[in-house]
Every structure is written in C-alpha cells, then in structure tokens.
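Full structure from sequences and hints, please.
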Amino acid sequence: MITLSDRGACGEREDKSGPAIAGRLRDAGYEVVETLLLADEAEPLRRQLVRLCDQRRLDLILTTGGTGFAPRDVTPEATLAAAQRSAPGISEAIRAASLKITPRAMLSRGVSVIRGKTIIINLPGSPRACQESMDVFLDTIPHAMELLRGTAGDCAR
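Residue numbers (my numbering): 291 to 447.
I should point out that these hints are in silico values taken from the structure, not numbers from a laboratory.
Some clues are possibly wrong.
[Unchecked claim] In silico EDC-like links for lysine to aspartate or glutamate, alpha-carbon gap of 20 Å or less:
| id | residue 1 | residue 2 |
| --- | --- | --- |
| 1 | K407 | D344 |
| 2 | K407 | E321 |
| 3 | K306 | E321 |
Below, the structure is given as structure tokens:
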C-alpha cells in the first residue's frame, strides 16, 4: 500500500486513503505487510515498486494518489517504468464503473500492471474513490494472483 502525496509526505495533511485501503484489504482477508507515504516523485516510487516486487515478492500493491492531470501527478509513469507487462482491463473496469458515478472519472490516468508475480494497481487519491474502485476488482484479484503463481486453471466458468 503506497500513498503518493506531497502534503501528506511532509506532514501537512493526514493520509486517509492509505489507511482506508489497508483496512479494506485486511477486512477482505489480505495481510498488509508494508505501507508507505511518499511525495509525488516518479523515481522514488519506481524504486519502491521494484523493491516490493523483486525483493518482498508481494502478490498485490495498491497505490493511491498522483493519477490526475496535475503536473506532479506522476504515479502512472512511475508504475509503467516499473512494469514488465500491462494489465489494462483492471483500470479500464475501474474507469467504466467510476464514470457511472462521476464524469470526472475520465480524468483518471491510473494504470494496472504486472511485475514478476505482483499486480500493481493505481487508485485515485480520495478515500471514497478508492473504496469505489476496490469494489470493482477486489473479488476478481485472487484469481489473477493464482494465475500469476501458476496455481489456477483457466478463466472459464
């Protein structure tokens, strides 16, 4: 769980999205092994994503913040720089569901990618939007993780 926020990283604003996401993950049975709060900087985020994927070998990394149009919103670029493969359907599904709630969802640039056996998903910065986004994918992600680990069959039902 990584929060990207300049004001949060320097203590000017409380991070509410990160704890909300971590709580939701725990409620769903996930173990949250690390949480980070970083400034909106591409290279430190890329380094942390690579470390968490390659050294910690996590199944899932969620980021929050830095996915909009502001000049310092660089989360998608840092995520793509750490990626080995794209998983666009996750972010497409999030945007499609979010557009039913607000037309501003089209301004989200969040991406979803794979590095090794880790899924990385960018979420918006607001706690409410994070929860709405998680509603879209949380039930499907366990199967995706099984596929990456080679422990699942095909996707047919």
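Item checked: Pairwise hint evaluation, E321 against K306, where the allowed Cα distance is 20 Å at most -> holds, 19 Å
Item checked: Given pair status - D344, K407, alpha carbons within 20 Å -> Measuring from Cα to Cα gives roughly 9 Å; hence the hint holds.
Notebook entry, point to check: Would the pair K407 and E321 pass a check requiring their Cα atoms to be no farther apart than 20 Å?
Noted result: Given that 20 Å is the threshold and the Cα spacing comes to 17 Å, the pair holds.
When each numbered hint is compared with the structure, no violation occurs for any of them.
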